[in-house]
Each structure stands twice: as structure tokens, then as C-alpha cells.
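Novice: Could you build the full structure based on these sequences and the hints that come with them?
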Amino acid sequence: MTMSPATAVGIGLRQPHYREAFERRPALGFVEVHSENFFHEGGASLHALERAREAWAVSLHGVGLSLASADALAQGHLARLKRLVDRIEPALVSEHLCWGGVGGTHFNDLLPFPYHRESLALLVERVDRVQETLGRRILVENLSAYVEFRDSEMTETAFLAELARRSGCGLLLDVNNLYVNAANFGFDAEARLAELPGDAIGEIHLAGHHVGEDGLVDTHDARVAPAVWALYASACRRFGPRPTLIEWDAQLPALDVLLDEAARAAAIVGGAPAGEGGDA
Amino acid sequence: MPDLLAVQAAFAAALRDRDAVADATACLAGDPALAARRLAIYRANVAATSARALGAAYPVARQIVGDEFFDALARAYLAAHPSTSGDLHEFGAAFADFVAVFPHTRALPYLPDLARLEWAVHRAYGAADATPVEPAALAAVPPGRQAALRLHLADGTTVVESVHPVRRLWEIHQPGFDGEFGVDWTVAQSALVAREGLRVTVTALSAGEAAFVRAVLAGAGFGDAAASALGVQPDADLGGLIGRILSAGLLAGLSHEDS
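Chains as they are written, first to last, in the numbering used here: chain L, 1 to 280; chain Z, 281 to 539.
Derived from the structure by calculation, the hints contain no laboratory data.
The structure presented is a predicted model; accordingly, all values stated were derived computationally and were not measured.
One thing to keep in mind: the hints can contain errors.
Unchecked claim - If you want the footprint, here are the derived chain L segments under chain Z, 3+ residues with CB under 8 Å:
(1) 31-42
(2) 113-120
(3) 145-153
Claimed, not checked - Sample of chain L residues at the chain Z side, in silico, Cβ under 7 Å:
(4) H47
(5) A48
(6) S66
(7) A79
(8) G100
(9) V102
(10) H106
(11) N108
(12) H210
(13) D214
(14) V217
All residues carry an ideal CB built from backbone N, CA and C; glycine is no exception.
Specialist: Structure below.
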């Protein structure tokens with residue numbers, strides 16, 4: 001299955017929903033999975049993903065490549081990603097603008113870093129290598145973050161715009177992440193949207209967050225917040241329709257709740273003007 | 281300006297140790313006290329993620345010690361054996377060795393072997409799919425060539441040997457188990473962990489059978505493997521074992537020691 005329209009809406013497909021999703025085969029534009037969950041040599045997980053591939057377009061979303069680490073790029077990890085990409089032939093491949101480990105140890109988390117010329121040069125080189133290895137363009141996603149760095153010379157969105165321009169990568173705009181950061185750091189999310197090159201945006205993510213004592217936390221365990229829907233509608237007006245994913249990773253609800261969120265996104269993205277184009 | 285490595289090393293130190301945040305907050309914008317509390321969000325995420333990954337690999341150990349104790353155990357394990365891969369399925373490889381020496385699990389002497397069994401199951405789950413050899417191929421080997429025959433078992437096939445009833449412990453903690461819960465603690469049990477199609481199986485092995493499979497997995501020819509089995513257990517039923525291996529589709533290849 002391939003994903004054609006820019007108005008495609010998908011859900012994150014997680015193991016507890018496999019059986020029901022395969023039986024019902026809901027009409028989805030695509031499904032997205034975490035690449036690392038399918039790094040196995042064989043077995044039930046890969047078998048399930050191949051079944052999903054027959055029903056829907058598949059997007060592979062990496063959480064562990066650690067593109068921005070000061071350590072060397074993990075060649076074994078990249079090789080396993082390539083094997084998976086070659087096997088599944090996904091519609092989209094994405095990674096995060098983050099690091100996950102340094103000094104040989106890994107935190108298996110999506111960690112922020114300072115946005116300056118040196119880190120930009122590193123990311124351009126890394127994304128080049130990943131795209132060359134995979135033989136295809138990848139999307140790089142903006143991060144939710146709880147801290148910012150003194151040494152940053154530019155915003156994350158300006159950094160991503162430059163990364164896309166110099167490496168040719170696409171961007172995955174996580175609207176919830178942008179909203180969370182705007183609240184945590186007190187910036188104007190609309191102004192940050194304006195820094196992004198619309199034609200590079202190949203996918204949009206939507207997810208729920210948690211309002212904590214010390215800020216918003218990107219938990220992926222709830223429905224999309226009203227203010228995030230509003231920001232999403234604004235992004236759709238600004239950029240035109242883009243394939244949109246409902247992400248839900250913790251305290252998974254019934255599949256129908258995800259489908260309901262997807263229907264809501266479809267109503268918004270389906271009504272978006274043609275916008276700045278894009279190639280997704 | 282500190283380079284990226286210095287910034288990440290400071291950040292990493294703050295994630296490992298709540299009392300080592302000064303170098304990290306010095307790199308961060310805004311109020312250092314708020315930044316320190318925000319770093320705690322990351323620290324909690326890392327602990328939760330690693331405990332979840334460890335619990336997914338060791339679901340029976342988690343049930344036996346309880347969620348709360350397991351989470352504490354996971355934190356101690358993480359500190360001693362941090363993840364080294366961006367793929368969390370790799371995390372937990374040293375857990376059996378860890379619980380063998382961790383003071384608060386010494387009262388559970390069977391736990392290390394149970395953990396070894398669970399890790400074998402975890403690895404078998406994602407092992408490469410095998411194409412079984414037809415039984416006729418084995419039957420066609422001339423008697424004079426049998427001793428030098430090497431059996432290649434499907435990826436993921438492992439033997440776990442224990443002086444504790446670990447296979448029984450594993451069995452009664454499986455989802456949907458509805459039999460008797462009794463455990464004979466005096467029984468030593470060995471298990472064959474394997475992937476039969478997409479399903480991971482844990483089956484009983486006698487001491488001699490375990491020695492045979494262990495030797496085969498180490499690359500011994502049939503003759504040497506049989507000798508080590510019969511040395512442990514003179515009445516070991518190796519014909520029956522080969523039959524089980526064949527019917528389970530675990531024989532993935534044949535070769536000869538001299539070829």
C-alpha cells in the first residue's frame with residue numbers, strides 16, 4: 001500500500017491493538033510504528049508489520065538513532081534500520097532532532113541539545129549519511145523539550161529549516177511538541193511555524209500532553225488538547241494539508257478512541273487549502 | 281562555548297545522579313532551580329522507560345517480585361548496567377548476573393536461572409525465521425557418516441539448565457495458565473527454549489538431553505554430542521529428542537565435521 005493524498009490521516013499502531021486492527025481494517029491513510037520495535041531478525045513482530053503493510057501504507061518512526069549525539073553515529077543501528085526499510089518499503093521514514101546517549105551509554109530518551117553552527121554542521125553531515133545509506137529522504141521531527149541551552153544561537157525551527165535546506169531532508173512537524181515548548185519556554189508558536197519551510201514538511205504529528213507543576217510534559221497518553229487542535233488547524237491553513245498522525249504510546253485507550261481522534265484530524269486537514277504545496 | 285560532548289556529558293551526569301546537576305544547569309537557559317526540576321522530568325522518563333523495557337523482557341520475574349520491588353530493582357540495574365543501544369530490546373542482557381549478586385535478591389536463589397530462561401525467550405522471540413530441514417534429509421545420512429554429522433538448530437534455540445524448577449515457575453506465570461500452581465522446589469529442571477514458527481516454546485529437557493543440545497549448539501558433531509549426553513545420563517532417549525527437534529521444525533541445516 002502506498003500513501004498518496006496529503007490529506008492522509010493515520011494512527012500509531014501499537015501491539016495491543018494489532019488483533020482488532022487486523023480484523024476491522026479501519027480505513028486509515030497510513031499507520032506508523034517505532035522502527036526499533038522491528039529490528040528483530042524475524043518472528044512475530046515483523047510478521048505483524050508485514051500484515052499491516054498489506055492493509056495500509058506504513059511509516060517508520062525512529063526513536064533511537066541519536067542523530068545529535070557527540071558519539072559517532074551508531075553504524076549497527078543504522079544498518080538495522082536499513083534492513084527494515086528495505087524489507088518494509090515504507091511510505092515515510094522519520095527520526096527525531098535529538099540525542100539519546102553519549103560516551104557509549106544510552107538513555108533511550110529524546111534529549112535536546114544547543115542549536116548552533118557546530119551542531120547544525122554535525123546534523124547536516126549525519127542526515128546526509130542516513131539518507132545516503134537508506135537511499136531515500138528522511139523526515140526529521142522537532143522535539144518536545146523541558147530545558148533550553150544558553151549556547152543556542154537560533155531557534156529549533158530555524159535550525160530545522162536550515163537542516164532541511166542543507167541536507168535535503170524533509171521535516172516532521174509535531175504540533176503538540178511545538179505547543180508544549182511554547183508553553184514551557186514562553187514563545188509564540190505561530191511565529192515559530194512561520195520559520196518553517198512549508199514545502200519541506202512531509203508529515204504532522206498530533207498527541208496528548210500532561211500539564212505538570214513545572215511545565216507541560218509530552219506524555220502521548222491522552223487526547224489532543226483543544227489548543228493543539230487550534231494550532232494544527234493554523235498549520236494546515238499555513239502549509240496546506242499534510243499526512244497527519246495521531247500518536248498515543250502510554251495508557252493506550254480503545255482503538256476507537258484513536259480512530260475518533262483521526263476522524264477529527266481528517267475533518268481539519270480535509271478542509272485545508274492547497275497551501276504551499278509539498279511533496280508528501 | 282563548551283563543545284557538544286561537554287554539554288552532553290554534563291546532561292548525562294545529571295540524568296544519572298540527581299545530586300550532579302550543577303554542570304548541566306550551568307549550560308541551561310533560565311532559572312537554574314527550575315532547570316534542575318525540569319531535568320528531573322527526563323530522569324524520571326529514563327527510569328520509567330528502562331523499567332518498562334526490563335519488565336517486558338522479564339515478565340515472570342516482575343510478577344514474582346512484584347511491581348514496586350521490580351521498579352526499584354530496575355533502577356539499581358540501570359545504574360549498574362546502563363543501556364548501550366538505541367534499541368531497548370537489547371537492554372537487560374546482564375540481568376541474570378545482576379540479580380545473582382544483588383543483596384536484596386539473594387533470598388531468591390532461583391531468580392538468576394529464571395532470568396536466564398526469560399532472556400532466552402526474549403531473544404528467541406525476534407530470532408531469524410528458520411526453514412526446517414526435511415526429516416528425510418536426516419534419514420538419508422549413511423550410518424558411517426552419522427557420528428561426524430553436525431546439526432544446525434534454528435536461530436533462537438537455547439538450553440537453560442538449572443538446579444531449580446525454573447521451567448515450572450515460568451509455566452505457572454504465563455498469561456492464561458489455569459492449571460495447578462504447585463511447585464516441587466526439590467526438582468532441578470532444564471529447558472529447551474526455541475521458536476516454533478512465530479511462537480516461542482519452553483519445553484522440558486532431561487539432563488542428558490540438555491547436554492546433547494548444549495554440545496550441538498557449541499558445534500559438536502553428533503557422535504561427540506551423544507557421548508556427552510550419555511556420559512551425563514546413560515539412558516538418555518536421544519532418538520526421541522531428535523524426533524522432537526524435527527517435528528518442532530528446529531533442525532535448520534546439516535553439515536559434516538570434515539566438510
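Novice: Does each hint fit the structure? Answer for all of them.
Specialist: Cross-check of the supplied hints:
1. Three residues within the 8 Å Cβ limit are the bar, and the stretch 31-42 of chain L against chain Z gives 6, so the coverage statement holds.
2. Counting residues of the stretch 113-120 of chain L whose CB lies closer than 8 Å to any CB of chain Z gives 5, so the stated coverage by that chain holds, three being the minimum.
3. Check result for the stretch 145-153 of chain L against chain Z: holds, 7 residues qualifying (beta carbon to beta carbon below 8 Å, three or more required).
4. With a least beta-carbon distance of about 6 Å to chain Z, the hint placing H47 of chain L at the interface is held under the 7 Å criterion.
5. The interface hint given for A48 of chain L is broken, as the beta carbon of that residue sits about 9 Å from the closest beta carbon of chain Z, more than 7 Å.
6. Interface hint status for S66 of chain L: upheld, as the beta-carbon distance to the closest one in chain Z is roughly 5 Å, under 7 Å.
7. The restraint placing A79 of chain L at the interface with chain Z is violated, with a minimum CB-CB distance near 12 Å, outside the 7 Å limit.
8. With a least beta-carbon distance of about 6 Å to chain Z, the hint placing G100 of chain L at the interface is held under the 7 Å criterion.
9. The criterion of a C-beta within 7 Å of any C-beta in chain Z is met by V102 of chain L, whose closest approach is roughly 4 Å, and the hint holds.
10. Because the closest C-beta pair between H106 of chain L and chain Z is about 4 Å apart, less than 7 Å, the hint holds.
11. Against a cut-off of 7 Å between C-beta atoms, the interface hint on N108 of chain L holds, since the closest Cβ of chain Z lies about 5 Å away.
12. At its closest, the beta carbon of H210 of chain L sits 10 Å from a beta carbon of chain Z; the interface hint therefore is violated under the 7 Å criterion.
13. Hint status for D214 of chain L relative to chain Z: holds, with the closest Cβ pair at about 5 Å, below 7 Å.
14. The interface hint given for V217 of chain L holds, since its Cβ lies 6 Å from the closest Cβ of chain Z, which is under the 7 Å cut-off.
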